[in-house]
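Enquirer: Residue numbers (the numbering used here), protein chains in the order written: chain U, 652 to 947; chain C, 6 to 489; chain X, 520 to 782.
Treat the hints as calculated values from the structure; they're not laboratory data. Every value quoted in this text rests on a predicted model; they were computed, and no experiment measured them. Warning: the hint list may mix true and false statements.
Footprint (simulated), chain X over chain C, 3 or more residues, beta carbon under 8 Å [as the list claims (entries may be wrong)]:
(1) 80-92
(2) 278-284
Listed below are the simulated DSSO-like cross-link pairs for lysine-lysine, each with C-alpha atoms no more than 27 Å apart in a straight line [to be verified]:
(3) X/622 with C/241
(4) X/711 with X/622
(5) X/711 with U/905
(6) C/39 with X/711
(7) C/241 with C/82
(8) C/241 with C/39
(9) X/772 with C/40
What the simulated footprint calls covered on chain X by chain U, stretch by stretch (three residues with Cβ under 8 Å from a Cβ of chain U suffice, anywhere in the stretch; the number is not a length) [unchecked claim]:
(10) 678-686
(11) 704-716
(12) 743-750
Ideal placement from N, C-alpha and C gives every residue a C-beta, glycine not left out.
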Amino acid sequence: MAAMDDREVVDTNEERPPSLAAERLVVLAFTASIVAGLALAGVYSRGGQPQLEGVLLAVSLGGIGIGMVVWAKRFLPGEEIAEERGPLGSTREELLAFTETFEQGEHAIQRRSLLLKMLGGAVGALGIAALFPVRSLGPRPGRGLFGTPYRPGVRLVTVDDDPVRPDDVSIDGVITVWPAGSARSPDAPTLLIKVADADLFGARVRRDWTVGSIVAYSKLCTHTGCPVGLYQADEHQLLCPCHQSTFDVLEGAKPIFGPATRSLPQLPIGVDGQGFLIATGDFDEPIGAGFWDRGR
Amino acid sequence: MTTVAPGQGGAVRRTVRWMDDRLGAASFARTALKKVFPDHWSFMLGELALYAFVILVFTGIYLTFFFDASQAHTTYKGSYEVLRGVEMTRAYRSAIELSFDVRAGLVMRQIHHWAALVFVATMVVHMARVFFTGAFRRPRELNWIVGVTMLILAVFNGFAGYSLLDDQLSGTGLRIGYSIALSVPLIGTWLVSLLFGGEFPGPDIIERLYVIHILIVPAAIAVLIGAHLSILLRQKHTQFAGRGRTEDNVVGERVWPTYAAKALGLFFITTAVLTALGGLAQINPIWVYGPFDPAEVSAASQPDWYMGWLDGALRLMPGWEVRAFGFEIPNPFFPGVLLPSLTFGLVYLWPFLEARVTGDRGSHQLLDRPRDRPVRTALGAATIAFYGVLFLAGGGDVISTTFGLSVNAVFSAFRILLVVLPAVAGWVTWRLCHELQLRDGPPPADESVAVATLSGEPDDGRGEEHGAGYRGPKTESEAVGEHN
Amino acid sequence: MTSGHRHWIAAVTVTLAAVAWVSSAAGSSPSPAGASGPPAPVAGADTAGRQLYLTGCSSCHGVDGAGSERGPSLRQAGGAAAYYYLSTGRMPLADEQAQPRRKDPAYSPAEIGLLVEYVASLGGGPRLPHVDPAAGDLAQGGVLYRSNCAPCHTAAGIGGALSYGRAAPSLHSSGPLQVASAVRVGPGQMPKFGSETFDQEELDSIVRYVQHLRAPPTPGGAALGSAGPIPEGFVAWFFGVGALVLAVLWIGKRQDQNRGRDG
Numbered sequence: 652m653a654a655m656d657d658r659e660v661v662d663t664n665e666e667r668p669p670s671l672a673a674e675r676l677v678v679l680a681f682t683a684s685i686v687a688g689l690a691l692a693g694v695y696s697r698g699g700q701p702q703l704e705g706v707l708l709a710v711s712l713g714g715i716g717i718g719m720v721v722w723a724k725r726f727l728p729g730e731e732i733a734e735e736r737g738p739l740g741s742t743r744e745e746l747l748a749f750t751e752t753f754e755q756g757e758h759a760i761q762r763r764s765l766l767l768k769m770l771g772g773a774v775g776a777l778g779i780a781a782l783f784p785v786r787s788l789g790p791r792p793g794r795g796l797f798g799t800p801y802r803p804g805v806r807l808v809t810v811d812d813d814p815v816r817p818d819d820v821s822i823d824g825v826i827t828v829w830p831a832g833s834a835r836s837p838d839a840p841t842l843l844i845k846v847a848d849a850d851l852f853g854a855r856v857r858r859d860w861t862v863g864s865i866v867a868y869s870k871l872c873t874h875t876g877c878p879v880g881l882y883q884a885d886e887h888q889l890l891c892p893c894h895q896s897t898f899d900v901l902e903g904a905k906p907i908f909g910p911a912t913r914s915l916p917q918l919p920i921g922v923d924g925q926g927f928l929i930a931t932g933d934f935d936e937p938i939g940a941g942f943w944d945r946g947r
Numbered sequence: 006m007t008t009v010a011p012g013q014g015g016a017v018r019r020t021v022r023w024m025d026d027r028l029g030a031a032s033f034a035r036t037a038l039k040k041v042f043p044d045h046w047s048f049m050l051g052e053l054a055l056y057a058f059v060i061l062v063f064t065g066i067y068l069t070f071f072f073d074a075s076q077a078h079t080t081y082k083g084s085y086e087v088l089r090g091v092e093m094t095r096a097y098r099s100a101i102e103l104s105f106d107v108r109a110g111l112v113m114r115q116i117h118h119w120a121a122l123v124f125v126a127t128m129v130v131h132m133a134r135v136f137f138t139g140a141f142r143r144p145r146e147l148n149w150i151v152g153v154t155m156l157i158l159a160v161f162n163g164f165a166g167y168s169l170l171d172d173q174l175s176g177t178g179l180r181i182g183y184s185i186a187l188s189v190p191l192i193g194t195w196l197v198s199l200l201f202g203g204e205f206p207g208p209d210i211i212e213r214l215y216v217i218h219i220l221i222v223p224a225a226i227a228v229l230i231g232a233h234l235s236i237l238l239r240q241k242h243t244q245f246a247g248r249g250r251t252e253d254n255v256v257g258e259r260v261w262p263t264y265a266a267k268a269l270g271l272f273f274i275t276t277a278v279l280t281a282l283g284g285l286a287q288i289n290p291i292w293v294y295g296p297f298d299p300a301e302v303s304a305a306s307q308p309d310w311y312m313g314w315l316d317g318a319l320r321l322m323p324g325w326e327v328r329a330f331g332f333e334i335p336n337p338f339f340p341g342v343l344l345p346s347l348t349f350g351l352v353y354l355w356p357f358l359e360a361r362v363t364g365d366r367g368s369h370q371l372l373d374r375p376r377d378r379p380v381r382t383a384l385g386a387a388t389i390a391f392y393g394v395l396f397l398a399g400g401g402d403v404i405s406t407t408f409g410l411s412v413n414a415v416f417s418a419f420r421i422l423l424v425v426l427p428a429v430a431g432w433v434t435w436r437l438c439h440e441l442q443l444r445d446g447p448p449p450a451d452e453s454v455a456v457a458t459l460s461g462e463p464d465d466g467r468g469e470e471h472g473a474g475y476r477g478p479k480t481e482s483e484a485v486g487e488h489n
Numbered sequence: 520m521t522s523g524h525r526h527w528i529a530a531v532t533v534t535l536a537a538v539a540w541v542s543s544a545a546g547s548s549p550s551p552a553g554a555s556g557p558p559a560p561v562a563g564a565d566t567a568g569r570q571l572y573l574t575g576c577s578s579c580h581g582v583d584g585a586g587s588e589r590g591p592s593l594r595q596a597g598g599a600a601a602y603y604y605l606s607t608g609r610m611p612l613a614d615e616q617a618q619p620r621r622k623d624p625a626y627s628p629a630e631i632g633l634l635v636e637y638v639a640s641l642g643g644g645p646r647l648p649h650v651d652p653a654a655g656d657l658a659q660g661g662v663l664y665r666s667n668c669a670p671c672h673t674a675a676g677i678g679g680a681l682s683y684g685r686a687a688p689s690l691h692s693s694g695p696l697q698v699a700s701a702v703r704v705g706p707g708q709m710p711k712f713g714s715e716t717f718d719q720e721e722l723d724s725i726v727r728y729v730q731h732l733r734a735p736p737t738p739g740g741a742a743l744g745s746a747g748p749i750p751e752g753f754v755a756w757f758f759g760v761g762a763l764v765l766a767v768l769w770i771g772k773r774q775d776q777n778r779g780r781d782g
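Using the sequences and the hints, build the whole thing.
Expert: The following block contains the structure:
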């Protein structure tokens with residue numbers, strides 16, 4: 652109780668004249684809220700409509716809110732009170748008493764130091780044991796990140812599992828393919844790009860890995876793995892919409908702008924006996940975003 | 006035990022007596038009702054975040070009744086013609102059904118999403134208020150740490166939330182998150198395997214994020230809110246210097262009834278703003294983005310605003326990475342792991358860093374006016390400029406399209422601005438603070454007198470207990486002295 | 520009136536005119552077969568089309584589409600390319616260095632029909648496609664659009680940035696035949712999707728979906744430009760946080776304003 656008496660009134664609002672207008676405002680706000688609340692029930696029972704629901708909710712809640720604030724500002728006591736803070740920290744005696752009590756118990760415990768050490772060991776072992784269930788959360792990374800399902804001789808197929816002939820790619824066109832049997836495999840989407848003439852390919856394109864003027868690159872950006880879906884046919888550039896890394900298709904998809912540091916891996920491709928495009932091997936490096944030991 | 010006045014009538018009195026018989030809390034409760042809160046508009050910013058959190062919990066509970074956090078594949082056969090027959094996960098399907106077939110489902114989803122954006126935004130605004138007024142100083146360092154932790158949790162939970170729906174945009178965000186986690190040296194591959202249950206997209210991520218999003222993080226935030234408010238009640242709120250306001254008192258309104266009515270009114274107003282947005286402004290139209298397919302992406306893929314600075318940092322980072330002996334530190338590590346770690350590390354440490362640099366280790370109950378601490382204010386402005394540029398860079402492609410500029414020119418410009426703008430903003434702010442101090446002239450006579458007399462003794466007599474560093478509002482001569 | 524103002528009005532006028540023209544073209548285009556096509560060639564199209572070509576196009580593309588140093592040869596352009604460039608106003612081009620942008624077409628639908636015939640007669644290249652959006656499947660169109668078109672034009676079709684100042688245009692003013700022609704031609708930076716990539720049914724579906732995107736349902740309210748989280752973030756800050764800060768200022772403002780500097 653003593654603390655209460657320390658408060659002193661610093662300032663009071665002037666005796667405010669009863670304001671009819673303010674009271675009307677509060678009544679109006681609450682009325683709007685009531686109407687909106689009821690209307691909401693009506694809208695809902697007639698099937699609902701998101702815009703009306705939102706507006707009516709806003710009016711019904713806002714009516715209460717505005718009404719309460721006006722009420723508080725105009726009709727509730729508004730005097731300013733000064734309250735002593737009082738000290739936050741404890742007194743020296745209290746602190747000493749606490750420390751003393753704590754240390755007494757501490758000494759009693761520490762007297763059996765062997766037991767204490769054993770307890771520490773048991774808790775530590777339990778802590779280590781508690782880590783093991785974490786291992787259940789996922790498989791060992793293994794070599795999965797280093798390869799894709801592409802194997803020598805596997806056909807390239809579209810999203811609908813259809814094999815692709817070289818003529819199925821338009822000049823200046825691009826299609827996305829996967830290895831047959833693993834269509835939609837998340838680490839295998841590959842871009843087949845046909846340019847007007849194989850002579851356009853620069854030195855960084857491995858020519859023995861192309862078919863005519865078709866070259867295949869991993870679709871996954873070497874920065875954070877977004878699909879590099881924007882092919883600018885005129886400039887022969889691939890642009891990643893996530894972070895704007897830009898790759899030069901005619902120069903082995905080397906990065907020419909943005910944060911990516913590595914070229915998109917090129918897929919070795921060929922044609923099988925029936926004229927369908929095949930992979931002649933897997934990518935010769937891990938695809939997609941980098942990781943610590945990808946070079947090992 | 007304190008007894009209530011022995012009046013017989015009144016349900017309130019009977020209830021109070023019943024409760025007090027069991028808890029004996031009447032005295033404590035009365036203290037709470039009579040508690041004094043300083044009233045300044047800026048002290049209500051944190052309340053806004055609290056209310057947004059309450060709305061998030063309520064709308065979120067509603068959404069959980071309909072959402073199906075499963076990555077199992079299914080074919081949509083529902084009422085939205087544009088997606089009929091399309092393959093998708095059950096998570097995405099349930100979000101579509103929630104949006105089109107559940108009455109009030111779409112408005113709830115949109116209120117939830119808007120509330121999330123506003124929740125983090127009001128936290129940042131509140132944090133800026135605390136920073137610029139020096140409210141983080143002793144004895145409030147602990148509450149600063151609690152607050153920053155809540156901010157990190159809120160940002161993370163926002164990301165987790167919009168990643169659940171398994172639309173194309175959220176999947177793109179998850180993939181970038183995966184690649185950032187993958188980039189951590191030594192443990193990256195293990196980290197993603199344990200988080201995602203395998204290589205991207207992995208079989209488990211949505212189920213796991215769901216538990217984290219609706220249970221673990223909200224519970225943690227709720228506990229921290231409790232701690233935040235308990236510490237606030239224990240320490241009592243800070244206040245600005247002014248007539249009758251000293252280091253030793255709190256001047257303001259009592260909680261009951263006026264302050265409580267205003268606070269409750271503000272809660273309803275916050276809800277009203279968010280429901281209005283939820284009804285009138287479309288947010289995250291997942292039916293436009295389509296179901297997630299790891300081989301696809303849409304142009305203009307952006308994260309929600311509070312992740313924008315990270316995405317911007319990823320975009321602005323030059324194409325460098327560290328390679329040696331067959332090992333490498335991939336490029337996304339620097340903007341994606343190092344930058345946020347440094348950012349939040351520095352934010353956590355700020356109260357202690359500032360105390361060390363200024364040598365001011367005293368307790369402070371009176372707030373600084375930003376202009377009276379030009380260096381801190383300038384650093385704050387520079388920080389806002391730095392993260393502001395990163396945020397804009399996160400939408401660099403949208404900015405390029407909107408204004409018909411070259412993407413490459415825009416990003417090159419942002420790289421320069423990232424260095425130049427914080428410096429300029431800091432310098433301008435610093436100058437402005439000094440100009441404002443000069444323009445203030447000496448503080449009004451009655452005020453300085455009031456501070457000096459009501460506080461009982463002159464500042465320098467307080468010793469270590471109260472603000473050795475507190476000097477009150479500056480006089481003109483002091484301001485000039487510092488200026489020169 | 521400020522110049523910015525005038526700019527606006529000009530833009531609006533151009534847009535309105537374009538919309539009016541496109542809708543009139545769309546209205547007149549369905550041929551008896553039910554598929555959209557160019558206006559039927561009139562008698563003597565050869566000479567009339569050639570006359571138009573000689574006056575308007577040959578200075579860059581050369582006599583009989585041979586090309587010059589100012590413009591490429593049109594011998595392999597095909598009718599689809601002629602229709603796409605002329606009906607979207609991208610040709611004729613004022614500055615041959617600039618990326619062609621959509622504007623008011625310089626020719627009437629009938630004149631465009633003549634020019635399309637003439638360019639088609641010059642040699643190979645994709646013919647003016649037939650397109651019947653009603654025959655397409657909206658959901659299939661959505662799937663194809665999101666995997667093939669959204670990477671550049673965005674999921675909502677508002678257009679997106681490409682590298683070095685290039686941009687994929689918004690599709691919100693593109694008519695069915697224009698979309699179909701663009702798919703087949705691959706104008707500018709756009710990859711080409713021939714009939715070996717998309718068959719007629721797939722083409723119809725894509726066109727139908729693009730038409731759907733021009734005025735999609737927005738059950739959630741204002742679409743905010745359909746530009747995703749960036750405008751959403753700005754709305755959250757300006758309208759959400761803005762309104763709340765105003766509320767807080769109002770609540771924090773005392774009836775009597777004479778209390779201390781900060782009271």
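Enquirer: All the hints need checking, so say for each whether the structure fits it.
Expert: Comparing the hints with the structure gives:
A count of 6 residues in the stretch 80-92 of chain C with a Cβ less than 8 Å from any Cβ of chain X is obtained; the coverage claim is therefore met, three being the minimum. Under the rule that three or more residues need a Cβ within less than 8 Å of chain X, the assignment of the stretch 278-284 of chain C holds, with 4 such residues. For a cut-off of 27 Å, the pair hint linking residue 622 of chain X to residue 241 of chain C is broken: about 65 Å separates their Cα positions. Between the alpha carbons of residue 711 of chain X and residue 622 of chain X the distance comes to roughly 23 Å, so the proposed pair stays at or under 27 Å and holds.
Taking the CA atoms of residue 711 of chain X and residue 905 of chain U, the gap is near 23 Å; set against the 27 Å cutoff, the hint holds. For the given pair, residue 39 of chain C sits about 75 Å from residue 711 of chain X by alpha-carbon distance, which is inconsistent with the 27 Å threshold. About 58 Å separates the Cα atoms of residue 241 of chain C and residue 82 of chain C, which puts this hinted pair outside 27 Å; it is violated. With a C-alpha separation of about 13 Å, the suggested pair residue 241 of chain C and residue 39 of chain C falls inside the 27 Å cut-off, and the hint holds.
Between residue 772 of chain X and residue 40 of chain C the alpha-carbon distance is near 20 Å, which keeps this suggested pair within the 27 Å criterion. For the stretch 678-686 of chain X, the stated coverage by chain U holds: 5 residues have a C-beta nearer than 8 Å to a C-beta of that chain, and at least 3 were required. Figure legend: the stretch 704-716 of chain X, annotated as covered by chain U; annotation consistent (10 residues with Cβ-Cβ distances under 8 Å, at least 3 required). Under a criterion of three residues with beta carbons nearer than 8 Å to beta carbons of chain U, the stated coverage of the stretch 743-750 of chain X fails, only 0 such residues being counted.
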